[in-house]
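Undergrad: Sequences and hints are given; from them, build the entire structure.
Number of protein chains: 2
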Amino acid sequence: MAVGDFNGNYEKVKEFIDEAERYSVDLICFPELTLTGYPPEDLLLRRDFIDDNLAVLNEVVAFTRGRNIVVAIGYVDVGDGLYNALAVIYDGEIKGVYHKVSLPNYGVFDEKRYFSQGKRLNIFAIRGTKVGFSICEDIWDPYGPVPRQVLAGVDLLVNVSASPYHISKIRLREEMLRVRARDFRVPVVYVNLIGGQDELVFDGSSVVFDPKGRTVARAKSFEEALLVVDVEPNIIYKGSSQIGAAKGKVQEVSIEGLSIGEKPPITPVICEPLPFLEEVYQALLLGTKDYVRKNGFNKVVIGLSGGIDSSLVATIAADALGPEKVVGVFMPSRYTSEESSQAVKQLAGNLGIELYIIPIEPVFKSYLELLGVYLSKASSGVAEENLQARIRGNILMALSNSFGWLVLTTGNKSELACGYATLYGDMAGGFAVIKDLPKTLVYELARWRNKKAGRDLIPQIVLTRPPSAELRPGQKDTDDLPPYEVLDPIMELYVEEGLSIEEIVKEGFDKGYVENVVQRLKNSEYKRRQAPPGIKVTPRAFGKDWRMPITNRWRPFVTKM
Amino acid sequence: MAVGDFNGNYEKVKEFIDEAERYSVDLICFPELTLTGYPPEDLLLRRDFIDDNLAVLNEVVAFTRGRNIVVAIGYVDVGDGLYNALAVIYDGEIKGVYHKVSLPNYGVFDEKRYFSQGKRLNIFAIRGTKVGFSICEDIWDPYGPVPRQVLAGVDLLVNVSASPYHISKIRLREEMLRVRARDFRVPVVYVNLIGGQDELVFDGSSVVFDPKGRTVARAKSFEEALLVVDVEPNIIYKGSSQIGAAKGKVQEVSIEGLSIGEKPPITPVICEPLPFLEEVYQALLLGTKDYVRKNGFNKVVIGLSGGIDSSLVATIAADALGPEKVVGVFMPSRYTSEESSQAVKQLAGNLGIELYIIPIEPVFKSYLELLGVYLSKASSGVAEENLQARIRGNILMALSNSFGWLVLTTGNKSELACGYATLYGDMAGGFAVIKDLPKTLVYELARWRNKKAGRDLIPQIVLTRPPSAELRPGQKDTDDLPPYEVLDPIMELYVEEGLSIEEIVKEGFDKGYVENVVQRLKNSEYKRRQAPPGIKVTPRAFGKDWRMPITNRWRPFVTKM
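In the order they appear, the protein sequences are chains A and B.
If you use the numbering used here, the first sequence closes out at 561, no skipped numbers anywhere.
If you use the numbering used here, the second sequence closes out at 561, no skipped numbers anywhere.
It is worth saying that the hints were derived from the structure and are not from the lab.
Among the hints, a few may not be true.
Which copy is meant is left open, because identical chains are indistinguishable; a pair holds if it fits in one copy or across any two.
Distance condition first, Cα-Cα at most 20 Å in a straight line; then the derived SDA-like pairs of lysine to any residue [unchecked claim]:
hint	residue 1	residue 2
1	Lys452	Thr440
2	Lys325	Asp510
3	Lys220	Asp230
4	Lys377	Pro556
TA: Take a look at the structure:
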């Protein structure tokens, strides 16, 4: 599914319905907002967009005519406002509509910007089996509609989601769902969106639990598929339907007429959860692949420096797109070491990607000649360092403009947090693959990928030598930044956990380091604002879940009392 | 006031209280979220930030001890959530707190991301005069708390706001407030924030209406000041306090002990509303001045091309900051006309700003030599055009890096809508002054400014010759874009009004033009995502009120039925 791709999404929906029918499936469930894609953001404010979404829904309804299958599909409903909705369709007719009740408006989510809160609590009796449908946040929210659906008496809970990936999310989600199944003693069917959409990756990881919280089926994460499962609405406890119904809010929708027919035997798929690093890597692959594919690019181009970041990005790109779609560009300067040159050539050879070598010296020289008289003698250092990065950015963009290639940037989260990157230089490009990876995780992933390859796909020297931008003689990252093993946990505590400087120091970190990181973080907001989007991997990325003012005069307030 | 500037905001609050006391003022009202500044965005998610805000509030409370004045001041309150709150303080004590009820979560606003909805409806009886306080959106919302406050019986409505400027907003706001005063037959006191904060400009325009909707006082827009006014709570109608009180929601807070004393006679200030173009220009001045000042820049640098956009930006900068703080840089290429050269020199002379002339030819040549073999013969045109723009961007950034100057970009809204700008080229910089001005308004403002100066501050030729980027021989904007008189209204109808292509065509626009603009708009989302912030002037700017996916496969859906 892709945002706005009404034609493509419709075709896919038809294919899946056809496939499900071959398994004699009674009920097929598609993810949250399947027809529009998720999140459609401000496209939702356009009437013509909403109308198109309703037109596609009509087509889907017509497509079900004469078929022996119930279809539950996410779309945008229109009433006295917009609703994040699920239509339950059978035999050419919408039998009922569910409206999402709990609208997330935190983190990357803006649902209260667009949607009205659902007020109905309808239960769908599909050939007698009472199904409580809910949408994403609805089942996370302990005060949401699900406990009330259970009290009204359901045999089965179905949650359709567009739940974006971050580290530990899949585990948190499964734990929550397992507890819901046990709490309410009903099977829980969880259907999640798959695919990359700008900075978000939806991991899928659809899963089914029985009333004891045992895994009945689990789809492969990061891969679109039809998960077919026989759910036994094994009712060991039934809530009193009077409690909910008494409030006059629960409406029961009956869907009859499904013929039972012959069902082929189903062997449920139960994929194992992925190990940690593989899971992160898969998220990066899917995010990259989908950004490239959905935006219609044929090739990507990456500036290779011989450092760990660009080496990992090139490896991810080659894995995601195939090496024939990746062009590496090595742009040495007077400060580039022989080691870097060797590393780049080796890497390109290992990955089997095309490599251009374009030394920037002549252009750098011409800039220095031109600007020499203008730049301040005292402080030309940073200007000259940034110039080199910007020449490289210009070269990559020129190739992009000439051939229509997408430039992948190579900066990591630690750099971006500290503003240790050049705006319009190494930050120039369309998509920032590892933007949300702390530097220490960059190393871990690179090592893991080598191990998986059974050889040094990324050359050993890249992994072992100290990181350097090579923009002045003998430069090292640690000249300006704390060591990454210190920087990364400080960043995590400040950005993700929201701890204060004092609290982080109390956790055992050096005060000077903590203040350095926080100061750098605050001073580089303007850079992050102009950074390209990249894949969210941590619980809080520098994207839609980081909305900081640039103009920010916050210094700790000192009371004079 | 500035976001996060607890120390500075506190000092200012004290000064205003002192000044108000000299006028024997009974009640001084500060704007919404005075202590934190508005909008604090995700700083609100930090506990240490909230704590600092409470610490400052305590200082303000202590400061009022022994003084004969009631202080109403905006801050963030903490309860079972965060509240956008107003503390009413007298003699070293918080007498009561009001929590904002109607939380805007549309346009540029994200208040439901941070705040819980207020539940209390307290009325403050200040020496017997019953005051209904509300915060910004509360008084816009016809279903908000204000009608209920009136039913509970108030003698006076006070609304404290942080209401950002856009064209026609001041008029709309005054109309609404005037109607509230008449509807409820009570005086309405409206106190609005002043100042620029990233892309927003708060225009102030504080105003007081009597119960007949007549203007009693009006402060100057775009200027911080204490507006002193004698409000006659001339009660010609009183609601029944039973209706509201019966619901158990209205709490009356009594503030006694104010001594009446001698009041000096007050002549109310009633400033005239500004004429349209002057109003827009003032907004741009304040937005520019405050971004520069609050971010600690000493000078700005602007690339001057001899075109209308950079000429207007330089004029605004010189007016906002003084010519001694503005550096113009003219960077001619092989395609730059003699006319442009003349125009730039004349403009710099007229404005009295410093001018650097740095021809880009040597660097451009060195790039062409370096990249010649790599660029596609067929499509090197765009690459070469963009290279010129990027060399200029690099030069400005080198000056910025070397001297700490802020680069002001010069692109307008029509260009940005159509992607008719070079990422990392003319889009490179920290603040985009006229980012939200349609090109036709750029011309209007330039003419207005010349008229006001009584001479051609911006040279005549700049206003009369056809716009051109001068990146290839004989280039004109109209080679690629519809004429701006057509483009601008199409853009307005699509972006601000949300009309569909068909609807715009029905308004009398050429279908080819409309499709061209809409296609360009969609294809350039990735550029806008990386654009610097700039001043919001129209009802919908390409900023926080434009949250569009980059990955967007929306094409009109064609039903096959």
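Undergrad: Taking the earlier hints as the rules, which of them does this structure contradict?
TA: Violated hints (numbers, rising): 2, 4; every other hint is consistent with the structure.
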